[in-house]
Amino acid sequence: MTFSINRRAFLASGAGALAVGMLNPRIALAQDVRLRLLWWGSQARSERTDKVVGLFKKAHPEIEVDGESAGWDNYWSRLATQTSGGNAPDVMQMDYRYIFEYARRDVLLPLDKYMKDGTLDVSDFSKDSVAGGQVNGKTYGISLGANSVAMMINKAAWQEAGMDMPQPGQTWEEFGDQCEKLTNTTKRSRFYGCADQGGLEPAFETWLRQRGKQLYDADGKLGFDGKDAGEWFAFWVDMRKRGACVPADVQSLDQLTIETSPLSQGRAGACFAHSNQLVGYQAINKDPLTMGPYPVKSGESHPGQYRKPSMLFSIAGDTANPEAAAKFVSFFVNDPDAARVLDVERGVPESSKMRAVLKKEAKEADRIQIEYIGSLGEKFVGPLPPPPPKGAGEIQLMIKRKNEEVGFDTASPEDAGAAFVSDAQAILERS
Amino acid sequence: MGNKMTGRPAVAIAAAGPPHHPPQVPQHRQRKPQPTSWFGRTWQGSGPGYMFLLPWFIGFFGLTLGPAIVSFYLSFTDFDLLRSPNWVGMANYVRIATSDPKFAASMGVTLFFVLFSVPLKLAFALGVAVVLNRGIRGLPVYRAVFYLPSLLGTSVAIAVLWRQLFASDGLVNSILAEFGIQGPSWISHPSYSIWTLIILSIWQFGSPMIIFLAGLRQIPTDMYEAASLDGASKLRQFIKITLPLLTPVIFFNAVVQTIDAFKAFTPAFIISGGTGGPINSTLFYTLYLYQEAFGFFRMGYASALAWVLVVIIALFTAFSFLTARFWVHYDD
Chain Y
1 MTFSINRRAF LASGAGALAV GMLNPRIALA QDVRLRLLWW GSQARSERTD
51 KVVGLFKKAH PEIEVDGESA GWDNYWSRLA TQTSGGNAPD VMQMDYRYIF
101 EYARRDVLLP LDKYMKDGTL DVSDFSKDSV AGGQVNGKTY GISLGANSVA
151 MMINKAAWQE AGMDMPQPGQ TWEEFGDQCE KLTNTTKRSR FYGCADQGGL
201 EPAFETWLRQ RGKQLYDADG KLGFDGKDAG EWFAFWVDMR KRGACVPADV
251 QSLDQLTIET SPLSQGRAGA CFAHSNQLVG YQAINKDPLT MGPYPVKSGE
301 SHPGQYRKPS MLFSIAGDTA NPEAAAKFVS FFVNDPDAAR VLDVERGVPE
351 SSKMRAVLKK EAKEADRIQI EYIGSLGEKF VGPLPPPPPK GAGEIQLMIK
401 RKNEEVGFDT ASPEDAGAAF VSDAQAILER S
Chain S
1 MGNKMTGRPA VAIAAAGPPH HPPQVPQHRQ RKPQPTSWFG RTWQGSGPGY
51 MFLLPWFIGF FGLTLGPAIV SFYLSFTDFD LLRSPNWVGM ANYVRIATSD
101 PKFAASMGVT LFFVLFSVPL KLAFALGVAV VLNRGIRGLP VYRAVFYLPS
151 LLGTSVAIAV LWRQLFASDG LVNSILAEFG IQGPSWISHP SYSIWTLIIL
201 SIWQFGSPMI IFLAGLRQIP TDMYEAASLD GASKLRQFIK ITLPLLTPVI
251 FFNAVVQTID AFKAFTPAFI ISGGTGGPIN STLFYTLYLY QEAFGFFRMG
301 YASALAWVLV VIIALFTAFS FLTARFWVHY DD
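Going down the list, the protein sequences come from chains Y and S. If you read the first sequence in our numbering, its first letter stands for residue 1, the second for the next number, and so on. If you read the second sequence in our numbering, its first letter stands for residue 1, the second for the next number, and so on.
With the rest of the complex left out, here is chain S (with noise of 0.2 Å):
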């Protein structure tokens, strides 16, 4: 009962948009005796605090959890956003699963795309918080610059800053000009095309990278004083001392960027025009479902090829997890 007195002005008081004035606080403050009910004493206890959260269950269930439970759904099914949804069972899973040829096609690029942008991605990363942290004067200036590309990173006006410097006369084809080097079209060619968005992944080291230097900066210093003493080299010191100590920030970096790299869209998107092209080389997953979704209104078949995807970063996560305890080293 309680339930549903507090529970309806709530979502009335949400769904008219931010609240502009704090719940009025009561005139009279005199302590009210306990209630008896579960109910009520948590509502007294952590009442509040739930609906400051109000704003993001509301956005979970009605933007996140909803929509996934109804695109599982719709992947049982041959909706096509016009008529109303049919039962096929499971014909869009085994479609997928024994005669989709660019299923293979499109899931090929994108593994190619996480085995090469996230070690090359975390790589870069890591040097460069190695440097920052060296303790420049002016490192938040340069913590900043570098962070920048990461925040620009997949908006559409940076795929387009993409197209031209990798045109067949961007920047780059300019640049090799100098040399007597006539570059081809890179980012419309098939054979280069992928390596511009791996590039392009690459450059968006920002948030690997304040997370590698938060993690350099808990490496105790007397460990380095130490090891200089006993004459170790820089590099031994980071192969025995940094690397070791940083393998917690290094799987966690490892785990959200491949999760990242396997979601990726708008850059292959505004790159090739939605089309995944020259020849599907820039195929990503993602696009591939959204063609199917918006472009032929296949979108019993898409939410499927989407739940698929969700099965696969599983698998890749655990995998991961799975690993781990062979090779990240947690202080103890």
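One chain only, chain Y, in its complex shape (with noise of 0.2 Å):
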């Protein structure tokens, strides 16, 4: 049997397809006004995310909004090729590290023109925190709140061994001691002092900043020399030959997420991390969890901390739906039930009324985190450090490698500190 297609039957259902292929999303389109909201993060982040989605919808029933998350790793890949294919996202969570880079390239709505409209409301937000979002002289992102670097502590782990938490103010070689302690004489398992975090840029770049140095000047260009950094993996050296801290093949499992930690994985009593990420830690670790300031250069120690945005919420430059994504932003800063909904998970919140409703409520991840933000005074913490250049996130990805490669003993404190400078030299150049 032969199978023929009249002509005129086949251009017609051809067309007809293509008519209904065309008509629908007209129709939704129509209807509602969809903003697509992106960010990275937890699970206890998504779970809050979609929360206080859920109150905007009611709040604004005329406003759709579709959110979408994903892990630090992926997120940067993701946002940049759907900005590149000119999808970008309507609403993005935003990193101090990368605001300059995107604002650079014209692909951020400039926020100026609703801020002073109203339809975005930072009136409550002190000016330090409007200006954390500020690219030559225009605000690009909105802080969702304030952080520093902090040392997440595993209590329970601490008092079992009848012994003093790391304090506040303790120096490095102190601290030293005191994780070497608690590895001998805790009665966990394989269980030791703190993670090795020789290979963690914020810690690297605290300690550089004690020292009067910096990771990268204002002419993007490396603010320290092969031997800073070579003294820095000799410290780490130290730690693991006296199993002060986790050894290198323990070390290496952390991909640099909550959950990979060693502290998370049960192996460590302390890890080095950021302050907002009290809550997420929290979350996935039975023992209760406290945290402190990173320890202090002994000796004249200058501020090694910086308070900044932890992250921020930016609009896309050529979204169809400005107003509306303001909107939710402005909604995302300012509302009581969702500042509760939020607490600290992002960060201390910058408006002073989101942070008098988060005090009354006082739970206790919260109290802890305000308190810590609002406790580190000018021992702790400096001014903020320059925006990192381009080709800062393959640094950040180096220094974990050249921390193992002195871990696993392929190269020596020294000689690392220098390759790891002539590489990010080399990095830099390049971008």
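A hint or two may mislead.
Said to hold, decoys possible - In silico negatives: residues of chain S with every beta carbon more than 12 Å from chain Y:
1. L111
2. V128
3. R134
4. G183
5. I211
6. V255
7. I259
8. D260
9. S281
10. F294
11. A318
12. V328
Stated by the list, open to error - Going by beta-carbon spacing under 10 Å, a handful of chain Y positions derived as facing chain S:
13. N74
14. T83
15. P247
FYI, nobody ran anything at the bench for these hints, they're computed from the structure. Heads up, the beta-carbon is just placed ideally off N, CA and C, and yes, glycines get one too.
Make one complex out of these two single chains by using the hints.
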């Protein structure tokens, strides 16, 4: 049997299919305003964000919000791909590390107009916290909360061993001694004082700043030399040798996420992180946690940490609904119910009113964090560093690798320090 | 002209998704006059066939060939996803050839992986196929069970499972501990991590095994009967009869598995968390390419890396075909 198609019928059915295909989205578009929202973070953050999206839809039924989340690693490739394809999410979570990159390429919407006409209300923000989202005098991001680096501490592990927890203001050497003691006294099996954080960029940066150096200077060049890096790696060699921190093969399981950290894996009594992450850490750790500042340099120590927007919301430059997007961001940072849901998981709210709301409710994790950020005096907190240059992300990964090379004895700390500086300079020149 | 008339609605159907109704068959079935043009005749002959192939054609041109051509163009640019690409000529290829330490490192890791995983996997697959070929009861069940890992193989779940098996407090170390051996964290130790990936690859021996099994069935049993009458041992039969007659299948499997091994990505990505660590010990070439493209936004450079990989795979395949005539026996 042969099978032939009447050309006219074929044309008609094709045209029909085409028409149906084109009509459907048109109808959907006419009905409501749709916003796409993209963020990175843990399960705890996604649950909170979804709840706030629900609250927003109740308050603004005419606006539909589609949320989408990714892990930190995949987030930036996804955002870059979508942006490059002209398909950027209307509202996106932004990091201090990337906001300059994106703003310079004109893919973010300047928000000043909406701040002036009140659509995006930042009247309860301090001037500094608004400035944290500005590039060349224009506002491209709204801070979702303040944070700083912080040491996560497994309270139970230290108390069981009958020891004092690491105290604010102790030196790196004192911290190391204390960790070694915990490793030796704890009854937990294969448990160490702290994680091996020689490959953690914020820890290295804090340590540099305490010596009066910096990671990057205002011109985007390295603000330290090979000797600094070598001494940093050497400190952790000593920590590993003494058993104060976890061995290299345990540490290299850490993929720089809350879930894979040696603290969450039940292998270490402390690890280095950011203050807002206490919520995420506590969510997956059975033992009660607390936090404190990083150790300081012995002798004269410059303030190493700084207070920064833990993350921001930015709006895509080519969004079809800038008003609705601005309304959503405003709701996110100003609505008391939203603040109760979000608590301090993205950092301590910048709006003084929302801080007051949270203080009144005073959940344990919120209280620790608000107090922690409030307690960081001039001894610990210095000025915001200049924005990191292009290539900083690659260098951040390289610190981890160099620390592994030292940890697995394939390089001496001095050689790794020198190689780190020359490799990092090559990356900066190439970027 | 005719081309346009028929081409357009066909695209429209495909764009609207899979057709829900079969095209209408004309009511009046009368023999039409034979078209005189070349196109008309061809269309009457194989037109419907091409229609059915359309989804594949659209996939091939839109999702494979099109992007491949674009990536070839991008490999001569400095494209970074956000800005429009600038032509840089051969700069990317020059850098790959002269001054990229990570290119050499990742190529080394990949070659090591190919060199060990492919022969071991083929040997294992052949061994299992020979055992299964003895006419065991329930053969279809065993075949399915052994094939399962290949279906699950490249999935994220299996890579995560591997992390659990070979972690410091994983199953492997628990077993070793019974013998008083304190094993390291296999997947996160630079000396062993690549071996966990090789073992993972061997474990997925299903598809070469099925092909070997089919090949073994082709070998006439009277050859074995004659050989055993002459007093040849099983081993001798295997070496003198099975292996030579199986060489075309071995050759096919080797080429396919080598190409697959060069392209391996998911296990290394999941097991190292996308870093290729510890110390680049699992930095597969594809993983490095991915990092450059989506981690550091050097799309242009990554495209160049991809084309270098294409050339390397092509060279390996060509080499296999050239040497084939010295060891592959085709029946004649």
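Against the structure, the hints come out as follows:
no., hint, in the structure
1, L111, "holds (20 Å)"
2, V128, "holds (33 Å)"
3, R134, "holds (43 Å)"
4, G183, "violated (10 Å)"
5, I211, "holds (35 Å)"
6, V255, "holds (32 Å)"
7, I259, "holds (26 Å)"
8, D260, "holds (24 Å)"
9, S281, "violated (9 Å)"
10, F294, "violated (3 Å)"
11, A318, "holds (34 Å)"
12, V328, "holds (42 Å)"
13, N74, "holds (8 Å)"
14, T83, "holds (6 Å)"
15, P247, "holds (9 Å)"
When held up to the earlier numbered hints, the structure conflicts with 4, 9 and 10 and fits the remainder.
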